[in-house]
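Colleague: As they're listed, the protein sequences go chains V and R. Note that the first sequence covers residues 418 to 567 in our numbering. Note that the second sequence covers residues 925 to 1123 in our numbering.
The set of hints was computed from the structure by calculation and includes no laboratory data. Any given hint could turn out to be false.
In silico lysine-lysine, DSS-like type, Cα no more than 25 angstroms apart, as pairs [stated by the list, open to error]:
id : chain 1 : residue 1 : chain 2 : residue 2
1  : R       : Lys-1102  : V       : Lys-450
2  : V       : Lys-436   : R       : Lys-988
3  : V       : Lys-436   : V       : Lys-450
Distance ranges between label pairs, derived from CB positions [to be verified]:
id : chain 1 : residue 1 : chain 2 : residue 2 : range
4  : V       : Trp-444   : R       : Arg-1099  : 30 to 36 angstroms
5  : V       : Gly-557   : R       : Ser-967   : 39 to 45 angstroms
6  : R       : Ala-1013  : V       : Ser-530   : 45 to 51 angstroms
If you want a taste of the chain R side facing chain V, the calculated C-beta under 7 angstroms gives, among others [claimed, not checked]:
id : residue
7  : Pro-943
8  : Trp-946
9  : Asn-1046
10 : Thr-1051
11 : Met-1066
12 : Ala-1105
Every residue, glycine too, gets a C-beta built ideally from N, C-alpha and C.
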Amino acid sequence: MPDVWDDEELLAALGEAVKARQAVPEWFVETGKNAYAWHNIDAELAQLTYDSDGDRGVAAAVRSEAASIRALTFTSARLSIALGVASDSLMGQIIPAQPGTLEVHTTGGVTSSPVDEIGCFAVAPIPASPFRLRCRTEDGADVLTGWITL
Amino acid sequence: MRDDPTVVALVNRAARGDPAAWNEIVERYAPLVWAICTRFQLSSHDREDVGQNVWLLLVEQLGKLREPAALPGWLATTTHRECLRVVTAARKSERLGTGLDDAPEFVNNTMIDEEILMAERNAALRTALAELPPRCRQLMAMLISDPPCSYAEISATLQIPVGSIGPQRARCLERLRKSSALAGFGDLDVHWAKDEKHA
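Isolated chain R, as found in the complex (with noise of 0.2 angstroms):
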C-alpha cells in the first residue's frame, strides 16, 4: 500500500489543532465506517454509537499515531472493534446465545484490507473528481449518475452537441487518470467493489 502525503498531512494538521483538517479527515473516511456498518448489518442507533466512538478515539489519537498514513488501517480496525462490541452487546442482552453458532464470520483480515484500499480508492478518486475543471465534474456526475443519463440530456444540459460529448468526456477521463491525486492506484482490482457484497 502507498503512503498518502495528503493523509499525513491532514493528520499532522489536525493534531496540531486546525478544524479544517479534521473536517476533510471524516468526510473522507466516514464512508470507510459507514462501509464496515453496514456490513455488520447495524441499526441507525448501533451506527451512531460506532460513529462516535471511532471518531472519539481517534480524536485523542491525533497526534500519538505512530504512522499517520496508515490511518485508514487503523480506522477499519477500530471500526470493526467497535461493531464487534455493538454486535456482542446485542447478544448478551439477549441471554439466550441463539444463532451465535451459525452467526456470520464478520471479521478476516483480508476483508479489512479491502475494505481499507477500496476507501482509500474512492477518496482518491473523489478527490481528484473535485480537482477536474467544473465543466469535466458535471459531464463526469451526469455520466456516473445511476440510471446514467443519455447523451441527448447531457447535450441538454450543459449544451453541448451530442457529437462532442465523446471527445470531451475522453479528455476528462484523461485529466482524471493524470491527477496526482490518483498516483499510485493503477494496480487494484477495479471489479473488487461488484464482488465485494457476495464476500
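Chain V extracted, bound-state conformation (with noise of 0.2 angstroms):
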C-alpha cells in the first residue's frame, strides 16, 4: 500500500516517526515498563464503592481518584477498607475489625504499617505519587485496591 508514497515522502514520514520516539524521554518509558509488576498480583481486588466527593461516580472504581477526597471505601467479597484522609496522614479500618498488615504500593516502592486488633491503621505521610493498599490479615484476606491519587 505505501506504493503511494513516493521517495520524499516516504522520507519525511520516517523522519516524523523517528522524531516522535526521539522526543520521548527515557524516564518516561522506563515509568510505562515498570508498571508490568503488578501483572497478575494474587490478591483479591477491593472495587471503590464509597466516595464522599459525590461527583466523582463509582463507575469510576477502575482508575485512580483525584483530589479532594475526603473518605473513602473499597470493598471486597472478604473485607473492606474504609480511609478517610486527614491534612497530613490517612486514617482507616478494616471491616470488619481484624488485625493484620497494611502496604502501601507506589510506583517507588513498598512501606508497611500494622492494622490493630479493632482493624485500624495510619500512612502517615500521604503518598505523593499514585498507590495501592494492599491489606493481609491474620485469618488470611489479601486485598488490593485500585489506584489512589490524593
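From the two separate chains plus the hints, produce the assembled complex.
Modeller: Right under this line is the structure:
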C-alpha cells in the first residue's frame, strides 16, 4: 500500500516517526515498563464503593481517584477498607475489624504498617504519587485496592 | 483502520506473562501517550502521573481487552481521560474558575482518531526501519537527521561514493516500502503530521 508514497514522502514520514520516538524521555518509557510488575498480582481486588466526593461516580472505580477526596471505601468479598483523608495522613479501618498488615504500594516501592486489633491503621505522610493499598489479615485475606491519587 | 497482527500478538504474550512483549508495547506506544500529554501542555510531573496511570491501567486490562487490536485506541482514550483528570484537578485547586470559559477544547474524537492513526503509522515505520539491513539503517538515519546530512558527509561517514548514495537511498526506501510492517498504511495522509500542531 505505501506504494503511493514517493521517496520524499516516505523519507519525511520516517523522519516524523523517528522524531516522535526521540521526543519521549527515557524515564517516561521506564515508568511504563515498570508498571508490568503489577501483572498477575495474586490478591483479591477491592472495588471503590463509596466516595465522599459525590460528583465522581462509583463507575470510575477502575481508575485512580483524583484530588479533594475526603472519605473512600473499598469493598471486596472478604473485607472492606474505609479510608479517611486527614491533612497530613490517612486514617483507615478494616471491616470487619481484625488485625493484619497494610502495605502502601507506589511505583517507587512498598511500605508497610500494622493493622491493630480493632482493624485501624494510619499512613503518614500521604503518598504524593499514585498508590494502592494491600491488606493482609491474620486469617488469610489478601485484598488490593485500585490506584488512588490524593 | 487495520488490525495489526503484531499488536494482537504482543498483547496476548504480555497477558500470558511475557515481559519482553510488555516492554515492546511500551516502546511502541509511549510516543502516543507522550504526544497526547504534549497536546495538553502538561508539566513533567503531570506527565509522570498520567503515564503511570495509563500503563498501570493497561496492566490490569491485559487479557480483558475484548479486541487486542484496538489497543492504540484504548491507550489514546485512556490517556485523554487521564490528562483531563489532571487538568481538572489543577483548575479545582486554583479555586477560582478563571480561564475555564476560554480554555481550549482539548478533546474531540477526530483529534483522537488522528493521534491513533499517527501513532500506529509511526510505530510501523520504526519497526520497518529497525528491520532494514544495518547499512540501510545508517543511511536512512543520516538522511532524516535534522538538519539533514549532506551527501559529502554521508559519503565520508559511510565510506561510499557520493554518486552511489542516490541509488542506495532508492533501494533502501524500496525495501522499506515493501516491509510487511507497513502493509496497510498507504492511504494515510502523509502531511497530517505537519498540520497537527495547528489543529
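Colleague: What hint numbers does the structure not satisfy?
Modeller: Hints 1, 2, 6, 10, 11 and 12 not satisfied by this model.
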